[in-house]
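Just need the whole structure built from these sequences, with the hints factored in.
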Amino acid sequence: MTARSFASSPQFYARLGGALYLAIILFGAFAEGFVTSKLVVGGDAVATARHILASPALWRLGVAGNVLLVLFAVPLLWIEYLLLRPVSKSLVLLAVLLNVVSLSVEAVSKVFMLLVLPILSNPEYASAFGPRQLPVLANLALRTHDISFNIALIFFGLTCLVNGYLIRKSGYFPRVLGTLLQVAGLGYLVACFAALFAPALAAILLPGVLVLPLVGESAFCLWLLLKGVDKAQWHEQVNEPAPRAVAAG
0 MTARSFASSP QFYARLGGAL YLAIILFGAF AEGFVTSKLV VGGDAVATAR HILASPALWR
60 LGVAGNVLLV LFAVPLLWIE YLLLRPVSKS LVLLAVLLNV VSLSVEAVSK VFMLLVLPIL
120 SNPEYASAFG PRQLPVLANL ALRTHDISFN IALIFFGLTC LVNGYLIRKS GYFPRVLGTL
180 LQVAGLGYLV ACFAALFAPA LAAILLPGVL VLPLVGESAF CLWLLLKGVD KAQWHEQVNE
240 PAPRAVAAG
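For the sequence shown, the positions run 0 to 248 when numbering that gives the first Met the number 0 is used.
FYI, nobody ran anything at the bench for these hints, they're computed from the structure.
Some hints could be false.
[To be verified] Straight-line alpha carbon distances no greater than 25 angstroms define the calculated SDA-like cross-link-like pairs of lysine to any residue that follow:
hint, residue 1, residue 2
1, Lys37, Ile150
2, Lys226, Leu160
3, Lys226, Ser87
This is the structure in structure tokens:
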């Protein structure tokens with residue numbers, strides 16, 4: 000994909016970005032919303048270990064979904080960069096930097112999820128630590144994942160704030176999409192800072208506050224997938240004449 004080919008046919012890449020975004024949302028909903036909520040019992044390491052060992056295939060699918068969403072986010076980052084670059088090259092680079100930090104931390108966080116099942120099922124760990132300690136070790140891996148994932152989402156929340164501003168200023172996306180994405184970013188910041196530093200507040204806010212990111216990201220995802228960009232405004236921004244329709248006959 001070259002910058003020139005992107006500039007001449009942004010609609011295809013916008014819809015590709017929407018498809019990637021939708022895949023990320025679906026993988027995240029399955030991995031976190033279904034698998035984790037079904038198998039992980041908050042505050043009970045033994046029950047969590049028992050559930051995971053009883054459904055190892057489901058746990059592996061959930062972890063795979065978590066890893067795949069990070070992989071899909073890399074080409075989406077590049078498409079978002081190309082889509083928003085005409086608005087401000089300096090601000091879009093800031094968004095890319097924040098997003099790269101977010102994805103890097105998130106990728107590392109998935110390592111701890113990959114460790115959970117081996118810790119619980121490997122007989123070498125059982126002989127070294129004893130069966131009573133294994134659920135605690137697995138829970139520590141899960142807790143470390145949660146902490147690093149929240150840190151990743153703080154940087155992603157900042158990314159949403161910058162990208163939302165660029166969307167609002169673009170002219171080829173509706174301003175309301177940018178506003179919704181900025182609200183999503185604020186939702187991530189509030190939720191993650193509360194989870195990391197104010198657990199009592201997090202217990203009140205979560206999961207309700209995460210509706211804000213869900214609405215904002217879903218709206219942007221669906222707009223990319225179904226509508227793309229306003230072609231006339233896009234070509235005006237990139238200083239290229241819009242392609243003319245060829246007359247029939």
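Between Lys226 and Leu160, is the straight-line Cα distance small enough, at 25 angstroms or below?
Holds, at roughly 22 angstroms.
Does the alpha-carbon distance linking Lys226 and Ser87 stay inside the 25 angstroms limit?
This hinted pair holds, its Cα atoms lying about 22 angstroms apart.
For the pair supplied as a hint, Lys37 and Ile150, confirm whether the alpha-carbon distance does not exceed 25 angstroms.
holds (24 angstroms)
In this structure, every one of the numbered hints holds.
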